[in-house]
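The listed protein sequences derive, respectively, from chains A and B. Counting the first sequence from 1 gives a position; our numbering is that position plus 24. Counting the second sequence from 1 gives a position; our numbering is that position plus 494.
In case anyone wonders, no lab produced these hints; they're calculated from the structure. Just so it is clear, CB atoms sit at the ideal spot from N, CA and C, and this is done for glycine as well. Be aware that a few hints might be false.
Claimed, not checked - Okay, the calculated bits of chain A under chain B, using three or more residues with CB under 8 Å as the criterion:
1) 156-167
2) 211-223
Said to hold, decoys possible - Label pairs and their calculated CB-CB ranges:
3) B/Leu623 <-> A/Pro98: 32 to 38 Å
4) B/Glu527 <-> A/Pro98: 28 to 34 Å
5) B/Glu527 <-> A/Leu419: 39 to 45 Å
Each chain, written out:
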Amino acid sequence: MTEHLTIGFLPLVDACLPILAHEHGFAEEEGLALSFQRDVSWATVLDRLLYGHSDAAHLIAPLAIATTLGRGRPAQPLAAPFVLGLNGNAITFSPALADAVGAPVGALGDPRTIGAALAAAAAGGRRLRFGVVHRYSSHNYMLRYWLAASGIAPDADVEIVTVAPPFVADALESGEIDGTCVGEPWSSVAVERGVGRIVLATAQIWRRGVEKVLALRQTRLDERREAVEALIRAMRKAGAHFVKPENWETNAAILAGERYLRSDPELVLRAISDRLVLSRGTEPIHYPDFMFQHREAANFPWVSQAEWLYTQMVRWDGTPFRAEDARQAAAVFRPDVYRSALKGTGDLLPGASSKVEGSLDRPTAVTAQQGAMVLEQNSFFDGRTFDPDDLEGYLASFASG
Amino acid sequence: MRIAIVDESASRASVIEEGLAQLPGCELFVLTERHGLLARIEEIAPDIVLIDLGNPSRDVLEEYFAVSRALARPIAMFVDESDEESIGASIDAGVSVYVVDGFAANRIRPVVDLALRRFNAFARLQADLAEAKGKLAEREAIDKAKRILMQSKGVTEPEAYAELRRAAMSSSRRIADIAEAVITAHELLGGRA
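Let the sequences and hints guide you as you build the complete structure.
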């Protein structure tokens, strides 16, 4: 019998896996019929999820944790059994700021060099303002991580405001913001309008940084467990299709269409192919793993990723660390569901459910429950590592640094 | 009671405004411009903010409610947690409601109920309009399919239409769907519609 699921999403390239699972028939192969609910704010994507308009949603990972912890609204436990992708966001400056920090033209900058130059620029003159898509977004946490490690206090030395992705280019043009951290295709849109230059990819800040998740209400996951596991299998197949170069153009055209992103296929193709035009009129550069949707079991919901996000929430909300909150945040990521969905399929399954983040500087073989698993470099740009067994120690290291 | 209606659709905003104007003791402010939205909200200092679910400024507004020190009293979504049912109803209607802290539920309820009725009424109007537009688009597709058949098979217009209708009846589909299929097939075969 065909099971039906409705999936909420925001028009961003990293909504690709459920969309392609539907468009290429992978969902149907798994006995699933999918329909989609497109929205233009995370608040609405979340409301529809909480009040049953959608069964699952493309969601910024920190928002799934914040909702579970009751930050900003009454607590509702969410579950994330699948990571929709890692990274895929860019830090884009107005041309004036890009010049001021000496960002190279036609090449990505070095996060340390640009960070140091930005610290100097932030020290003099007017207060710089940056736009992020949501308070509880990886964009916000990546930007803040980089700023703080560069000696810039995100709330004192600069200002960080919320700007909806479709208006990022407008905000750069009008001078409302000097820079942004946003998902594709929105940096490319700013580049094409000549109002922004891409200076860094978030993958340069944390080489394997967690981005969107597939989120469900915990109760809905329990009720629809089989359908959700079928969806996970279908999205893994969609991921294998997504990363093959011969499919890039087809997938860009599908994603850019009226029902999904309503964007220019050429711009969508840039993110999909890891080939970005950094400033208008320059040649595209190839930055491998700008988006990371499939290899190395990229969709596996590592509990340590959820715990890293919780430490950033404590750090930037200024709320006290609570062991119970940390436990609840960790429980949002559901590797058990991911494993159960893919057991016996031959797909890669890690042996552990948690790992020290940022500890690998070269490809390293790790134990696997299924398949042979090699994880590549996953460092943070400042060389720190995150040990999920010592969250408080990790937080304290920032306070003293 | 100061009520801000944030809606980029000026026509819907005025439908809601007109409805709420019936309520005694309400001061209404309609904000249809995205630019300068937060400054306007700060100036108005509303007790209740209504914003449509399709408004791209929702995240910006929620962030402002969460962190702004300019607001004397915090604003949160809805009144209290016990009001799940009316929250669900408002999401169904396509509107989100934010209320300042400490506002009595019995003063808010009539506003929310009325706003929801107006939202639903507007949605029905739009659905009617969409249906009318859809019929127009179907008409165009059928005309296009007829032209393709007339050119490729050398038949007259009534004959082309009769063929579409026969195909529709024998496969129990709508004529408009058959017309779409003819157009798609024609395009796939390299023709120009």
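Hints, one by one, checked against the model:
Proximity of the stretch 156-167 of chain A to chain B, defined as three or more residues with a beta carbon under 8 Å from a beta carbon of that chain, is established by the 3 residues found. Residue count for the stretch 211-223 of chain A with a Cβ under 8 Å from a Cβ of chain B: 0. That is fewer than the three needed, and the coverage hint is violated. Restraint check, leucine 623 of chain B to proline 98 of chain A: a C-beta distance of roughly 36 Å satisfies the suggested window 32 to 38 Å. Take glutamate 527 of chain B and proline 98 of chain A: their Cβ atoms lie about 31 Å apart, and the range 28 to 34 Å holds.
At about 42 Å, the CB distance of glutamate 527 of chain B to leucine 419 of chain A agrees with the hint of 39 to 45 Å.
Going through the hint list in order, the structure does not satisfy hint 2, though it satisfies all others.
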